[in-house]
Amino acid sequence: MAAMVQRLRASVITTPTASLINLVGLAIVAVALVATAQRVYQGGATYFFQTLGFGLAQGAIFALVALGYTMVYGIIELINFAHGDVFTLGAFVSLALMPVFGLNEGRISGAALILPLLGLFVVTMLICALVNVGIERVAYRPLRHAPRLAPLITAIGMSALLEGVMNVWRGPFNLHYPDFLPSTQIPIGGGVTIAAKAVMVIVVAVVLMVSLTLFVNRSKLGKAMRATAQDRDAAQLMGIDINRTISATFFIGAALAGAAGIIYGLYYNSVQAFDGFQYGLYAFTAAVFGGIGNIPGAALGGILIGVIYSISDGYFTVSWTQVLVFAILIFVLVFRPTGLLGMRVPEK
Amino acid sequence: MSLLEVSGIDVFYGRVQAVRSATLEVDTGEVVALIGSNGAGKTTTLRTISGLLHPLRGTIKFNGLDITRIEPQKIVGLGVCQSPEGRRLFTRMSVLDNLRMGAYTRSSRADIKTDMDRVFELFPRLKERMNQIAGTLSGGEQQMCAMGRALMARPKLLMLDEPSLGLSPILVETIFSIVREINATGTPVLLVEQNANKALDVAHRGYVLETGSIVKTGSGKELLASADVQKAYLGM
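These protein sequences, in sequence, are chains A and B.
First residue of the first sequence: 1, per our numbering; consecutive thereafter.
First residue of the second sequence: 1001, per our numbering; consecutive thereafter.
These are calculated hints, taken from the structure and not from any lab test.
Fair warning: there could be bad hints in the mix.
Unchecked claim - Subject to a maximum C-alpha distance of 20 Å in a straight line, what follows is the list of computed DMTMM-like cross-link-like pairs (lysine to aspartate or glutamate):
1. Lys220/A <-> Asp1111/B
2. Lys1127/B <-> Asp1111/B
3. Lys1156/B <-> Asp1228/B
4. Lys1216/B <-> Asp1097/B
5. Lys220/A <-> Asp1115/B
6. Lys1221/B <-> Asp1027/B
7. Lys220/A <-> Asp1027/B
8. Lys1113/B <-> Asp1097/B
9. Lys1216/B <-> Asp1201/B
10. Lys1074/B <-> Asp233/A
11. Lys1221/B <-> Glu1173/B
12. Lys1156/B <-> Glu1071/B
Treat the numbers as computed from the prediction; the structure is a model and nothing was measured.
All chains should be modelled from the sequences, with the hints used to inform the complete structure.
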């Protein structure tokens, strides 16, 4: 805790000009918060909780995708631009697999859904994971000692390739994704309700994130991943096979993105081949917001971006949301380049 | 046949040659010191033995097995372990987790526990600090943690790169006496040091490395007594 506070302090710029800039930054944030608070107050409790529920669900999906960006960045300092498309691939693959699991819209509902959905999650996550491991093997590993720009370009190439494949496969249309989640509202007291759908999305995302945290902190492979992220040479001197560890990182990141793809489909009931591009950028912003390379940071950043997104949509105008989110990205990079919880990158 | 046989290795960083036709051996039970000034190629030699670098020419054999081109994790698996220059701890992990990472290639929990106890016996300080984050240890404690971590692999050959660098004179004494202790239990040690005096005092044999080439070899005592070693490295 003390170390964290120290890190937080150390990451705030402290020269005289910089402290002026920080003041300006704080003032902008304060004005934005006041304006938001006023509109929220006028909008009433029911509307606020609907907006919040939507924001948290959206944020949970951002967080799941952001984790993959941040884990890969933490271990090899690469922004895997194909990651957002692996997320879309999760939605596409699961859509195609639904008949295999007997998931036909309108003919299956309630508790009967649980097992087939579980199967759908497992198989989709596995396929996305293997695709991402393949991407690393083909497009990033051969360039590990090349200048930084090279794998960044192959990453953009891989992103375009995945989008192209999905476009050829199902066309550039908005595809209908079956609506299996209940549309009921859960009362939370005082006549205020929250959508059951949002609660389910949040619960599934939290379970996945908690499992990831336990895995990374407790398991031998998880510790090897952290060790490799902190000092690759030292990790090798411990007998850690870093290629295997890096593959495992791509595997786990993509499994979470695949799961996020299904959740996205189930929540919005619509998916399109190029969704991953913009969604990936949001998730990447979330990862930077939380502190790139930092796993809890990505989760926090995702949820915050989701809530900001929905508050902007709900209380201001939809057309400004994207501007706002990327303004935040710029804002964070200028005022707090290490993100909210601090960067975690290999030590030199 | 020696335990470790390095014969005629040439190692390059890009176009720059860091090690020229170096040949050295470490036998069972020995402490061997590799001394030389900054940039002489000592660390490069250790990194090459560990498989982090590969020589352009020459061979490295361990226990008769050619390990010249095999991967670092496999070399560790064979029992060649290194405590690298600058300690290179996993600074955001606890002392305990650092030691556990040292035992990464091993699976018997009982054996790991035995070795953990042994490391704590050698370095009682580490036991007191086992739940502390490694990055917050003092320099001396970090060095102990790095050596303990290397010992957790139960090495058949322990390589220590500059274990005394940046430590206070008292701690330097402690570190060298621990090197003796480790060796007394039968573990051969290849010691890279700038502190030639201390290193040669502990070592059975030594090699002097100069701009990538081994220019002199002999027993620790011979090298300590040699006029040019005294002049070049001992400041006499």
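Taking the hints in turn, this is what the structure says about them:
Distance hint between Lys220/A and Asp1111/B is fulfilled; the C-alpha atoms sit about 17 Å from each other, no more than 20 Å. In summary, the hint linking Lys1127/B to Asp1111/B is supported, as the alpha carbons are separated by about 18 Å, within the 20 Å threshold. The straight-line distance between the Cα atoms of Lys1156/B and Asp1228/B is roughly 33 Å, outside the 20 Å bound, and the hint therefore fails. At roughly 41 Å between alpha-carbon atoms, Lys1216/B and Asp1097/B are farther apart than 20 Å, so this suggested pair is violated.
Restraint check: the Cα-Cα separation between Lys220/A and Asp1115/B comes to about 18 Å, which is no more than 20 Å; the hinted pair holds. The straight-line distance between the Cα atoms of Lys1221/B and Asp1027/B is roughly 17 Å, inside the 20 Å bound, and the hint therefore holds. Straight-line distance between C-alpha atoms of Lys220/A and Asp1027/B comes to about 34 Å, which puts the hinted pair past the 20 Å bound. About 13 Å separates the Cα atoms of Lys1113/B and Asp1097/B, which keeps this hinted pair within 20 Å; it holds.
A hinted pair counts as satisfied when its Cα atoms are at most 20 Å apart, and Lys1216/B with Asp1201/B qualifies at roughly 16 Å. Restraint check: the Cα-Cα separation between Lys1074/B and Asp233/A comes to about 14 Å, which is no more than 20 Å; the hinted pair holds. Restraint check: the Cα-Cα separation between Lys1221/B and Glu1173/B comes to about 18 Å, which is no more than 20 Å; the hinted pair holds. Our distance criterion of 20 Å between C-alpha atoms is met by Lys1156/B and Glu1071/B, whose separation comes to about 17 Å.
Going through the hint list in order, the structure does not satisfy hints 3, 4 and 7.
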